[in-house]
Amino acid sequence: MEIRLLRNAETQEAVRLIWEVFSEFEAPVYSAQGVEEFRMFLQNRVEMNALRMYGAWADGQLTGILAMRGAHIALFFVRKEWHRRGVGRALFQTMMADTPYPEMTVHASPYAVEVYRRLGFFATDAERTENGIRYTPMRYQGPEK
Numbered sequence: 001m002e003i004r005l006l007r008n009a010e011t012q013e014a015v016r017l018i019w020e021v022f023s024e025f026e027a028p029v030y031s032a033q034g035v036e037e038f039r040m041f042l043q044n045r046v047e048m049n050a051l052r053m054y055g056a057w058a059d060g061q062l063t064g065i066l067a068m069r070g071a072h073i074a075l076f077f078v079r080k081e082w083h084r085r086g087v088g089r090a091l092f093q094t095m096m097a098d099t100p101y102p103e104m105t106v107h108a109s110p111y112a113v114e115v116y117r118r119l120g121f122f123a124t125d126a127e128r129t130e131n132g133i134r135y136t137p138m139r140y141q142g143p144e145k
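Every letter in the sequence shown is one number past the one before it in my numbering, and letter 11, counting from 1, is 11.
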């Protein structure tokens, strides 16, 4: 498996992966407003290249992505067939080794809360809903850099 920053030409492939995984695992528990809000967020942020995006590649296929804005994880998605195979952990560890921030935050979707806990995150508040998007604010405190 190769983990690296995505090239601009790979952004659309990443958007397709994100939408595919979101549609299967997260959209079913979101309202129509939440699904539309996420679609708009994805389109606006990714197309503007506002995020630092890492991709995991295996056999020439994009298997997962992790995108950050500053010290905040904005997007973290792994294809279903690659779940529980170390892709997410490898993406997270690569990103943490590459970032100057020892602490990270995330608004974890209901589906992802346990994934983030296994990576060492802890909830900082109860689940919230904003514009139809359900999330739990979480934080990771790594060693000082």
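If you're looking for bench data, these hints aren't it; they were derived computationally from the structure.
We treat Cβ as the ideally placed atom computed from N, Cα and C, and that holds for glycine.
Careful: at least some of the hints might be erroneous.
To be verified - Each pair of labels, with its calculated beta carbon distance range:
hint	residue 1	residue 2	range
1	Glu20	Arg89	18 to 26 Å
2	Gly120	Ser23	26 to 34 Å
3	His83	Arg7	19 to 27 Å
4	Thr129	Ser23	14 to 22 Å
5	Asn44	Thr129	29 to 37 Å
6	Gln141	Gln12	32 to 40 Å
7	Arg128	Arg39	16 to 24 Å
8	Ala50	Arg4	18 to 26 Å
9	Gly142	Glu36	29 to 37 Å
10	Pro137	Gln43	19 to 27 Å
11	Ser31	Met1	12 to 20 Å
12	Ala27	Pro137	18 to 26 Å
13	His72	Arg39	17 to 25 Å
14	Glu144	Ser23	22 to 30 Å
Query raised in the report: Quick one: are His72 and Arg39 within 17 to 25 Å, going by C-beta?
Result: About 20 Å separates the Cβ atoms of His72 and Arg39, which means 17 to 25 Å holds.
Query - Ser23 and Glu144 - C-beta distance against the hinted 22 to 30 Å - result: Roughly 39 Å apart at Cβ, these two residues miss the hinted range, so it is violated.
Report task. Take the C-beta atom of Gly120 and the C-beta atom of Ser23, compute their distance, and say whether it sits inside 26 to 34 Å. Result -> holds (28 Å)
Requested in this report: Indicate whether the distance between the beta carbons of Ser31 and Met1 respects the range 12 to 20 Å.
Outcome: Given range 12 to 20 Å: violated, Cβ gap about 35 Å.
Query raised in the report: Is it true that the C-beta distance of His83 to Arg7 lies inside 19 to 27 Å, as the hint says?
Result: holds (25 Å)
Query - Consistency of beta-carbon spacing, Glu36 to Gly142, with hint 29 to 37 Å - result: With Cβ atoms ~35 Å apart, the hint holds.
Query raised in the report: Does the Cβ-Cβ separation between Ala50 and Arg4 fall within 18 to 26 Å?
Result: Since Ala50 and Arg4 have Cβ atoms about 19 Å apart, the given range 18 to 26 Å holds.
Requested in this report: Given the hint of 29 to 37 Å, check if Asn44 and Thr129 actually sit that far apart at their C-beta atoms.
Outcome: For Asn44 and Thr129 the Cβ distance comes to about 20 Å; the hint is violated.
Query raised in the report: Between Glu20 and Arg89, does the C-beta distance stay in 18 to 26 Å?
Result: Given a distance of about 21 Å, which is inside 18 to 26 Å, the answer is holds.
Report task. Confirm or reject the claim that Ala27 and Pro137 have a C-beta distance inside 18 to 26 Å. Result -> holds (21 Å)
Query raised in the report: Does the Cβ distance between Thr129 and Ser23 fall inside 14 to 22 Å?
Result: holds (19 Å)
Requested in this report: May I ask you to test the hint 32 to 40 Å on the CB atoms belonging to Gln141 and Gln12?
Outcome: Given about 35 Å between the Cβ atoms, the range holds.
Figure legend: structure checked against the earlier numbered hints; hints not met, in rising order: 5, 11 and 14.
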